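Asks: We have chain A already, so just place chain B on it with the hints.
Protein chains: 2
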Amino acid sequence: MSVRPTVDFLLYDWLSVDSLNQRERFADHSRETFDAVLDTCERIAREKYAPFNRLVDTQEPHFDGEKVILPQATHDAQKAYADSGMLSAAQDYEIGGMQLPYSVEAAANAFFAMASVSIGSGMLTTGNANLLMAHGTDMQKRVFALNEFNGRFSGTMCLSEPQAGSSLSDVATRAVPDGADSEADPLGPRYRLKGNKMWISAGEHELTENIVHLVLAKIPGPDGKPVPGVKGISLFIVPKKLVDTDGQLTGERNDVALAGLNHKCGWRGTTNTLLNFGEGKYPVRGDAGAIGYLVGRPGEGLKCMFHMMNEARIGVGMAATMLGMAGYHASLDYAKNRPQGRPMGPAGKDPAQPQVRIIEHADVKRMLLAQKSYAEGALALELYCARLVDEQHTGAPEAADDARLLLEVLTPIAKSWPSEWCLEANSLAIQVHGGYGYTRDFPVEQYWRDNRLNMIHEGTHGIQGMDLLGRKVLMENGKGLQLLADRINATIQRAIQVPELAAHANALGKALQDVGAATKAAWATGNPTDALANAVPYLQAFGHTVLAWIWLDVALAAQAQPDSHARTGRLAAMRFFFHYELPKIGAWLQVVRDRDLTCASLPEDAF
Amino acid sequence: MSVRPTVDFLLYDWLSVDSLNQRERFADHSRETFDAVLDTCERIAREKYAPFNRLVDTQEPHFDGEKVILPQATHDAQKAYADSGMLSAAQDYEIGGMQLPYSVEAAANAFFAMASVSIGSGMLTTGNANLLMAHGTDMQKRVFALNEFNGRFSGTMCLSEPQAGSSLSDVATRAVPDGADSEADPLGPRYRLKGNKMWISAGEHELTENIVHLVLAKIPGPDGKPVPGVKGISLFIVPKKLVDTDGQLTGERNDVALAGLNHKCGWRGTTNTLLNFGEGKYPVRGDAGAIGYLVGRPGEGLKCMFHMMNEARIGVGMAATMLGMAGYHASLDYAKNRPQGRPMGPAGKDPAQPQVRIIEHADVKRMLLAQKSYAEGALALELYCARLVDEQHTGAPEAADDARLLLEVLTPIAKSWPSEWCLEANSLAIQVHGGYGYTRDFPVEQYWRDNRLNMIHEGTHGIQGMDLLGRKVLMENGKGLQLLADRINATIQRAIQVPELAAHANALGKALQDVGAATKAAWATGNPTDALANAVPYLQAFGHTVLAWIWLDVALAAQAQPDSHARTGRLAAMRFFFHYELPKIGAWLQVVRDRDLTCASLPEDAF
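Chains A and B are the protein sequences, given in the same order.
The numbering of the first sequence is the working numbering, which starts it at 1 and goes up by one.
The numbering of the second sequence is the working numbering, which starts it at 1001 and goes up by one.
Calculated from the structure, these hints are not laboratory results.
Keep in mind that this is a model prediction, so the values were computed, not measured.
We treat Cβ as the ideally placed atom computed from N, Cα and C, and that holds for glycine.
Possibly wrong hints are sitting among the right ones.
[What the hints assert, rightly or not] Subject to a maximum C-alpha distance of 30 Å in a straight line, what follows is the list of computed DSSO-like cross-link-like pairs (lysine-lysine): (1) B:Lys1520 - B:Lys1584; (2) A:Lys479 - B:Lys1349; (3) A:Lys231 - B:Lys1349; (4) A:Lys520 - B:Lys1520; (5) B:Lys1231 - A:Lys349; (6) B:Lys1336 - A:Lys231; (7) B:Lys1303 - A:Lys349.
[Said to hold, decoys possible] Which chain B residues face chain A? A few, computed with CB under 10 Å, are given here: (8) Val1003; (9) Leu1055; (10) Ser1169; (11) Asn1272; (12) Tyr1282; (13) Pro1343; (14) Pro1351; (15) Tyr1436; (16) Arg1452; (17) Ser1564.
[What the hints assert, rightly or not] Stretch-level coverage of chain A by chain B, calculated; a stretch enters the list once three of its residues show a Cβ under 8 Å from a Cβ in chain B: (18) 99-107; (19) 356-362; (20) 461-475; (21) 533-544; (22) 549-562.
With the rest of the complex left out, here is chain A:
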């Protein structure tokens, strides 16, 4: 069993991604070239990733005092990934890229996430280099970004600090100009950085020749103190090893030291680190501090970084999605082969008859269809968002701007929804396996542990909820929300004409109204404390409504196809979502509408 038919259906039959070749940037592409990329990635994932997923869980990264040791399999997998050219898939031909649409790139990367999410492909490295392509100088692009795209260097994002996880305004890492000639460095204005960064994925390893850290830090103002708040934050390139203007290592180690490895519940194939910048462990060029090169202008660090974070959020959503998919496939396979129990009714009363396979039990079917509905629905959502990224980058101006704004509204859902519901899918995958699912002899408990990270990193559920209800649905006078409502209504108008879908179209219309009414009610007092007290239930209801829309739209595409098992399955997964899931929004929206302060107003001592 492969996820490929689902990917193909969504990309081509639903999103018509092959028609992107009508655009100049993708003119050399066709379904054939896209398929070749998907084939290659599917093969590498199958051969170099999937077989080692349990191994990277048991052979956690460790520090031998000098180096961080990772399994050989991780080295091999990441080399195969880099050799495939996927790190620069979306880049221009002239710098060695494939000019691949982001939607195809995202689909191709999905195979790696499904095979072994924590071996990892190149999400951080690509995102890091993309940021430099957008905000770096030509020299920074050439020296750093291009060497990330070709796999020589890898990249990190260094935002969080131990005392300030999600609160970026409290970043305490400081950057001061590095001497009189600091402005004249060809790699960019040169600073010395001091501070500690926490939760840095791939922060230390020997997988690549060098590591390019992108670090948020504050430049002290004229009074010598860091500027308070996010306005004071700037962005710096801090390479692990210093390089010259040709991108060659100078032989000098920069003052970036591993302070500790985080030992996680899952996702153990990826090193996660606490890094000390400029603490003096590796003094460099006779002075204190880690050497860093300013990217963009002082004080615009967060703006630059957010360029990277939105793609990272879609990437996290896709990772969560494919873990859900992996659990679905594993438990479906198990259910088709494991005999246990007998059917209900008279046929099941005869114990002399052999046991049936558990897929014949209604509750097992329910748990499988729920997983299918969550994971394939989430995949559709992620690919839809990826297609919006292509629209934003290559569409006509108005369409591009609409895509930008739709992405603003949908990104919190693309990040949060799969992280919650594909985790639930993984729990159901364990449940289908019974006791076996709870053992480390089967893969599903690891999927579940791995997936638990996704509700936390790249902005927690709480952060996504505040972003959605506190910012995204309000921005540009609510235009993003209105654009989304227009798209949902367009789907409803088409579906209402299909007898099999009409009732669902009506249910979606009602849900959309309810979300709209709750949005208004939340802000009726104009007081953020009232509105945002239930931002997470709002996020959950909004997410379920978006997924119902995605499923209805996918169903329209499925409906149009000739009869097949796959068509039957997709329509059933859609019906599952409308019958079992969408009605859940009532409970979530009620507290939003009521501006319920049961939690927010409870005094601390009463807990």
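Replies: Only chain B this time, still in chain A's reference frame:
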């Protein structure tokens, strides 16, 4: 912070357990003697269990070829438990017991589950011995049960087999009479057993002098074949080491061999085993097969075993509950101490102000209050059920019979509800910790992993759902359901007179009607395939309705107390349940009412 005040409030102020001393069996008891037991158990749990909870997770049981090695801490903890006399707490004075009510015993054991669920106290051993006290001969009681109560021996339940997890009718272990004198053995009719048993907790270790396995097996009929179905199942005592009629080891090892240790996702302090009975690894008394002594009559094995399983199910519910409580306390403590971010509104705009502790954020409060509502509500439910056990055993005849029937209906909820919602609580505890919660430096990820077992063992959610909707709500012409409805209505009648509770009372009345209507609708066609297709959503809705009732009843007791932080907190947790949770039943009941066959009717190839 301690859970003790909550336990005291529920036991004494809500359930009036101290009034049990008006009954003859408990006449020597008083609140003072109960408190002394609780004090002792709280202390042992704090000193011998809690400090080693992470250690038993990392030092998993292993087999050195001869023995299963467990950490010294586990030996020490279980010795302290046995020394406390808790193994025989509920037994008669004349055999060394304390004649403690089950409700107090259950409350006392809750401290161990909270401190380290997988070090374990004596649930299986006590349950095993209780079963022998109910169904064994005097000799079996004296030789086996009494030595379990005094801690010399420990006990197991051997039901599942590799090819038949939940499907007991497919048990393939065989038992044949052991020679001509087999009926005359003073320890009970002697048989030889052959077969494999899977998922046996504490199936092999050196914690006690001997292990008393209670094994389900089939005695071949006159045709030499095992009787098909559950009717052919009998129950046997199979000691790991043979004993004489004084309970002394004879020096003979019985033919029970460890075939493998299960390596689990969590709950790693408890050995979980695959055992081979009678495979010839330890030939005994010159013949093939493990020696076992029949308990009760042939063919009545399941009936005897179910005596043990109902208490075991309440025990699993309590374990899940206390893991939820442990996560709640850990995350509350973290939230009170971790500074991060700033309040909403103008006060939070000034980045020069110090960060606030995260308990000041509304969404963190929501996650904490949800945990409180789940864990303390579940604890109330478990203690309520434990109090029913006391009523069943010591109440007046009619009250005792009502208690028996109420327990039949409530046991599936007592087992399943905490296993689902206190797992959700543990996930929220991780979320409150952010990235730190995902590391093994904090206890919450282990609680979450440990708790995932509880939805599986002692009957999965699927089994509990079928039991509830397929059997319990129908049995004795629906009298159990009617009894429960009467109790719920009695609470509603009291609450409706309290202005602060009246709206909740009405909401509960509506929920009860909806559950009743869904029950009828599910069975409207009389076809179990229709009715039971959505047995799990029914179980979830039924569970939430029961918990709403429990909370309303608890709130009546809280309401009556003088103002305090604890009172405020309890009433808020109740309101949380009514505002955020009870409305969820609508979505679950809809598919039950509609007899929705979206899942059940989907052909296998369409997945």
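Asks: Can we keep the B:Tyr1436 interface hint, with Cβ of chain A closer than 10 Å?
Replies: 8 Å, holds
Asks: Please verify that hint: B:Ser1169, Cβ, nearest Cβ of chain A, below 10 Å or not.
Replies: Because about 5 Å separates B:Ser1169 from the closest Cβ in chain A, which is inside the 10 Å limit, the hint holds.
Asks: Verify the coverage statement for the stretch 356-362 of chain A against chain B, using a C-beta to C-beta distance below 8 Å and requiring 3 or more qualifying residues.
Replies: holds (count 4)
Asks: Measure nothing beyond the straight line between the CA atoms of A:Lys520 and B:Lys1520; if it is 30 Å or shorter, mark the hint as holding.
Replies: Violated - the C-alpha atoms of B:Lys1520 and A:Lys520 are around 39 Å apart, more than 30 Å.
Asks: Just to be careful: measuring from the Cβ of B:Pro1351 to every Cβ in chain A, is the smallest value less than 10 Å?
Replies: OK, holds: B:Pro1351 within 10 Å of chain A, min 4 Å.
Asks: Quick check: the stretch 533-544 of chain A, covered by chain B? Criterion 3+ residues, Cβ under 8 Å.
Replies: Our answer is that it holds, as 5 residues pass the Cβ test (under 8 Å) against chain B, meeting three.
Asks: At a Cβ distance under 8 Å, does chain B reach at least three residues of the stretch 461-475 of chain A?
Replies: holds (count 4)
Asks: Check whether the Cα positions of B:Lys1231 and A:Lys349 lie no farther apart than 30 Å.
Replies: Holds, at roughly 12 Å.
Asks: With a Cβ-Cβ cutoff of 8 Å, does the stretch 549-562 of chain A contain at least three residues near chain B?
Replies: Per the Cβ count (0), the hint is violated.
Asks: Min Cβ distance, B:Ser1564 to chain A: is it shorter than 10 Å?
Replies: Hint on B:Ser1564: holds, closest Cβ of chain A at ~9 Å, below 10 Å.
Asks: Quick one, is the B:Leu1055 hint okay against chain A at 10 Å, beta carbons?
Replies: Interface hint status for B:Leu1055: violated (15 Å vs cutoff 10 Å).
Asks: Is B:Lys1520 close enough to B:Lys1584, meaning Cα to Cα at most 30 Å?
Replies: 20 Å, holds
Checked against the numbered hints given earlier, this structure breaks hints 4, 8, 9, 12, 18 and 22; the rest are met.
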